[in-house]
Amino acid sequence: MDKTAVSEIELSSDSMNVTASSLSSSSAYRIVTNTGTMWVLGIPVTEYVIEGKYYYNSDGVTSVIYTKAYVSHNYNPAVVTDKVWESGYVSNKKYYGDAMFYYKIGLGSIGLVQLGNVYIGVVGNKNGVESGYFYTK
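Under my numbering, the first residue of the sequence shown is numbered 585, with each subsequent residue one higher.
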């Protein structure tokens, strides 16, 4: 996979324990995010976010609550972005969230020429964000 120099990664983590009486005392969840910005010639073009929420315990991640990926800022209206897919799953007691977007040049919601794909992901464990990635291809 070709990782380009026009991207920048920011990782952040936010966690919260669930204490609702409908859940067992050992149930807790975390929300992890990864934000990536696509840059062209030193100018930010589009900012992408992936967010995952999952249950965990002292052993690790137990199940996925949700995964969502979206464009948080589009600095250039001539760049059109379509989400192709997003997914979240648990493997080896870790949460994995992944998404892919197309980005095109066009006007409004009509993309005329597809330039490439954006890939973004986040990995979380029982302590929060473990790692993440963001690249274009």
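Careful, some of the hints might be misleading.
The calculated lysine-lysine pairs, modelled on BS3-like cross-linking and capped at a C-alpha distance of 25 Å, are [what the hints assert, rightly or not]:
no., residue 1, residue 2
1, K677, K721
2, K710, K667
3, K677, K652
4, K667, K721
5, K688, K710
6, K652, K678
7, K637, K688
8, K688, K667
9, K678, K710
10, K688, K721
In case anyone wonders, no lab produced these hints; they're calculated from the structure.
What hint numbers does the structure not satisfy? The structure breaks hints 1, 2, 5 and 7; every other hint is satisfied.
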